[in-house]
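Put together the whole structure using the sequences plus the hints.
In case you want the letters, here they are:
Number of protein chains: 2
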Amino acid sequence: MKSNFLNLKKNFSIPKGTIYLCGNSLGPPLKSMGNEVKKFVDEEWAKELVKGWNSKGWFEQSKKIGNQIAKIVGADKETIIVGDTLSTQVFQALTCALKLNQNRRYVLTDNGNFPADIYIAEGLLKLLGDKHELKIVKPEDIIEHINDEVAVIMLTEADYRTGRIYDMKNITQLAHSSGALVIWDLAHTAGVVPIKLSETKADFAVGCTYKYLNGGPGSPAFIYIAPNHINKVEPALFGWHGHKNPFEFNLNYLPSSGIEKMKIGSPSIISFASLKHALDIWDNIDMNELRLKSIELSELFISEIDKLSIDLNLVSPRDPYFRGNQVSYSLENGYAFMQALIQENLIGDFRSPNLIRFGFSPLYLDEKDIINAVAIIGKVSRNSLWRKFSNQSRKIVT
Amino acid sequence: MKSNFLNLKKNFSIPKGTIYLCGNSLGPPLKSMGNEVKKFVDEEWAKELVKGWNSKGWFEQSKKIGNQIAKIVGADKETIIVGDTLSTQVFQALTCALKLNQNRRYVLTDNGNFPADIYIAEGLLKLLGDKHELKIVKPEDIIEHINDEVAVIMLTEADYRTGRIYDMKNITQLAHSSGALVIWDLAHTAGVVPIKLSETKADFAVGCTYKYLNGGPGSPAFIYIAPNHINKVEPALFGWHGHKNPFEFNLNYLPSSGIEKMKIGSPSIISFASLKHALDIWDNIDMNELRLKSIELSELFISEIDKLSIDLNLVSPRDPYFRGNQVSYSLENGYAFMQALIQENLIGDFRSPNLIRFGFSPLYLDEKDIINAVAIIGKVSRNSLWRKFSNQSRKIVT
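So the protein sequences, as listed, match chains V and W.
Here the first sequence stands for residues 1 to 398, numbered as in the working numbering.
Here the second sequence stands for residues 1 to 398, numbered as in the working numbering.
Hints are computed from structural coordinates only; laboratory data are not their basis.
There's no promise every hint is true.
One copy or two, either will do: identical chains are not told apart, so a pair holds if it fits within one copy or between any two.
As the list claims (entries may be wrong) - Below, computed lysine to any residue pairings styled on SDA-like, alpha-carbon distance capped at 20 Å:
hint: 1; residue 1: 51; residue 2: 354
hint: 2; residue 1: 38; residue 2: 179
hint: 3; residue 1: 2; residue 2: 230
hint: 4; residue 1: 307; residue 2: 318
hint: 5; residue 1: 135; residue 2: 252
hint: 6; residue 1: 39; residue 2: 276
hint: 7; residue 1: 307; residue 2: 43
hint: 8; residue 1: 47; residue 2: 283
hint: 9; residue 1: 307; residue 2: 281
hint: 10; residue 1: 307; residue 2: 234
hint: 11; residue 1: 99; residue 2: 131
hint: 12; residue 1: 276; residue 2: 146
hint: 13; residue 1: 71; residue 2: 288
hint: 14; residue 1: 64; residue 2: 281
hint: 15; residue 1: 131; residue 2: 234
hint: 16; residue 1: 56; residue 2: 15
hint: 17; residue 1: 64; residue 2: 113
hint: 18; residue 1: 10; residue 2: 42
hint: 19; residue 1: 16; residue 2: 134
hint: 20; residue 1: 56; residue 2: 43
hint: 21; residue 1: 126; residue 2: 255
hint: 22; residue 1: 126; residue 2: 250
hint: 23; residue 1: 99; residue 2: 254
hint: 24; residue 1: 126; residue 2: 3
hint: 25; residue 1: 38; residue 2: 276
hint: 26; residue 1: 47; residue 2: 345
Since the model is a prediction, treat every value here as computed from it, not as a measurement.
Quick look at the structure:
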């Protein structure tokens with residue numbers, strides 16, 4: 001079955017000659033984005049000034065944009081809000097989840113979870129006086145560690161190293177059958193793998209918007225809480241935007257009903273303007289077609305790399321059903337190799353200790369890009385162009 | 001002594017005919033701001049894509065912009081970082097402070113502290129298992145409640161209702177003599193009242209950048225930690241941007257040394273672009289001259305209002321030494337009255353139950369604006385123009 005996905009390349013701003021296989025780290029802007037954020041400043045902030053909180057609906061955007069994301073990840077309306085960073089949302093979600101299961105000992109996660117999520121759990125458990133304990137196992141061992149001592153399972157759907165994806169529905173079911181709750185981090189899947197949050201009965205989910213949703217570097221994160229939990233949970237951060245009556249300025253906290261209780265302080269409205277604009281293209285996107293296209297692109301990439309017969313070891317699952325939107329290879333001198341690719345205008349990224357990663361967003365990539373990318377990889381490998389670069393560590397944000 | 005402050009009105013974008021006395025809620029944009037954020041999108045995000053984290057220094061901006069703010073609030077270099085919301089920074093500061101004084105019972109604050117800060121304290125104390133207790137007293141009673149049972153005093157320098165300011169140095173000294181720590185919220189004073197954080201020996205400070213610093217609606221907050229505490233404290237949120245080696249992706253959290261340990265997740269870089277641009281004008285601003293000018297403007301306003309002989313009761317201190325940059329009056333039907341002023345293009349704001357507030361930023365206001373503002377207030381009062389508006393509650397973010 002061939003995908004009918006309509007490539008939107010002409011709408012995105014990517015430097016001429018650059019092949020961008022790094023949307024799994026940071027999505028590119030729409031061509032119209034510069035004007036859009038200028039318009040926000042000139043038409044909203046400058047003209048409305050403080051009145052914009054009402055007249056331009058700034059106060060409501062956290063939920064409105066949340067509803068846009070809800071459509072993309074298969075969640076019901078009014079179950080998601082956006083704001084803050086992914087780390088903060090992990091902190092909020094884990095606090096809520098532990099409150100619901102406070103007599104159980106373990107927070108279970110895997111060593112392929114993005115370390116940021118693990119750090120946040122570590123900090124929260126310490127803050128709570130070590131009533132709970134973090135258990136970190138290998139991804140393939142998660143299922144056997146699900147039992148009635150587990151309070152919360154905290155997993156990222158796609159492993160940031162290998163791109164391997166979990167079967168969300170199956171894991172969630174297993175968790176529930178043991179009385180555990182699950183927090184899914186969708187950072188590496190939202191906007192590229194079809195997700196059905198409601199249908200999978202996920203308890204909590206969080207995600208970022210700067211990868212496949214193209215909101216811009218550090219654009220706000222989101223949090224989902226299942227409707228059956230929302231009235232029973234309480235955030236760690238009692239936010240005044242999440243207060244039932246924020247403008248009565250009472251001294252006592254009284255949470256909003258519904259997902260709005262998860263709002264914290266005054267969110268960056270320009271980052272909302274950017275994110276909202278990036279999300280507007282999703283109205284007409286069929287996630288299944290997009291996924292099919294993403295698989296076509298990554299399959300083509302892998303098979304063309306295979307033909308090169310070079311020393312790249314595929315660490316991503318070979319079966320696309322178990323693979324997200326990313327293909328990773330391990331190789332010695334991976335950092336230097338990636339630097340050489342970047343110099344040849346093929347942008348992917350490197351992850352310690354020896355992985356090079358390539359992401360395949362069908363929004364702005366087509367078969368020709370893949371063929372050209374593989375040609376560059378062949379050239380760098382044949383001519384040992386990577387020898388020019390030292391293997392020093394570098395800073396690039398996931 | 002007359003201020004020599006150089007008005008920068010021509011640099012700010014405020015609609016023609018509007019008198020903007022609401023910079024205490026949201027500062028206006030610089031005229032160049034629209035182009036600046038467009039330039040960020042077109043020249044940084046679009047051209048550099050993920051490489052921008054290194055090539056454009058996005059990863060370092062939290063501290064660089066923090067250093068810009070440090071100059072404005074009298075702090076040493078490398079003691080402030082920006083990011084997240086003010087509520088999150090209050091949460092972080094209070095967690096750190098309580099860790100240093102964990103055997104004391106009370107967190108002391110006043111009922112003129114912005115409720116958002118109080119909610120955050122309430123939530124954190126609950127999360128910590130009620131080992132500490134929040135004590136809320138009247139501002140004038142704070143001093144008598146400082147004793148050796150107080151762990152942390154948490155105050156906003158300027159009361160959001162009345163504009164009354166505390167003597168930071170005196171309160172901090174009294175706190176220290178009882179072994180208590182102080183967290184100062186500078187939301188209503190940073191950029192308009194000269195602050196000497198280092199000299200006052202403040203332990204912690206937080207503040208927002210969307211009022212007098214003109215960073216834009218919801219632009220990132222900042223946190224200051226005194227150099228003598230920074231190595232002893234630990235944030236609530238173990239952020240991966242605050243990790244000592246974030247790109248080694250170790251599974252164990254290891255905080256950076258210095259203020260960088262307070263960084264959390266990936267910050268919104270477009271909001272940094274906006275904030276940085278707004279702060280660039282401060283290089284040439286003399287805070288003492290600015291303060292003098294702000295006092296001249298508010299004194300003129302009060303004396304002109306007095307001449308109107310209308311039913312407005314000044315609730316701000318009459319002595320400008322005890323007043324921040326804001327003048328508030330109480331009146332029945334305050335909400336409707338403010339709506340009528342706004343319809344006449346004089347923008348201030350309203351705070352429940354009956355306060356109208358006016359802020360006086362010398363950056364973009366001059367004597368003529370004040371005279372015109374008072375004329376509008378006289379007109380609305382004489383002609384009872386406020387009768388057109390109902391007294392319903394409204395939403396405007398402080």
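Checked hints:
1. 51 x 354: between (52 Å within a copy, 19 Å between copies)
2. 38 x 179: Answer is neither: 50 Å inside a copy and 50 Å across each miss the 20 Å cutoff.
3. 2 x 230: Answer is neither; intra-copy 41 Å and inter-copy 58 Å both fail.
4. 307 x 318: This pair counts as within: shortest intra-copy Cα distance 15 Å, inter-copy 82 Å.
5. 135 x 252: Intra 37 Å, inter 12 Å, cutoff 20 Å: inter-copy only.
6. 39 x 276: Both. Shortest intra-copy (13 Å) and inter-copy (19 Å) distances satisfy the 20 Å Cα cut-off.
7. 307 x 43: neither (54 Å within a copy, 37 Å between copies)
8. 47 x 283: Neither way: residue 47 and residue 283 sit 29 Å apart in one copy and 27 Å across, limit 20 Å.
9. 307 x 281: Answer is neither: 36 Å inside a copy and 57 Å across each miss the 20 Å cutoff.
10. 307 x 234: neither (54 Å within a copy, 52 Å between copies)
11. 99 x 131: both (12 Å within a copy, 18 Å between copies)
12. 276 x 146: neither (38 Å within a copy, 48 Å between copies)
13. 71 x 288: within (13 Å within a copy, 53 Å between copies)
14. 64 x 281: Close inside one copy (15 Å), not across copies (35 Å); limit 20 Å.
15. 131 x 234: both (18 Å within a copy, 19 Å between copies)
16. 56 x 15: Between copies only: 16 Å across chains, 33 Å inside a chain, cut-off 20 Å.
17. 64 x 113: neither (29 Å within a copy, 30 Å between copies)
18. 10 x 42: between (26 Å within a copy, 16 Å between copies)
19. 16 x 134: neither (47 Å within a copy, 59 Å between copies)
20. 56 x 43: within (10 Å within a copy, 28 Å between copies)
21. 126 x 255: between (25 Å within a copy, 14 Å between copies)
22. 126 x 250: between (31 Å within a copy, 18 Å between copies)
23. 99 x 254: within (18 Å within a copy, 27 Å between copies)
24. 126 x 3: Intra 48 Å, inter 52 Å, cutoff 20 Å: neither.
25. 38 x 276: both (14 Å within a copy, 16 Å between copies)
26. 47 x 345: Classified as between; 12 Å across copies, 41 Å inside a copy.
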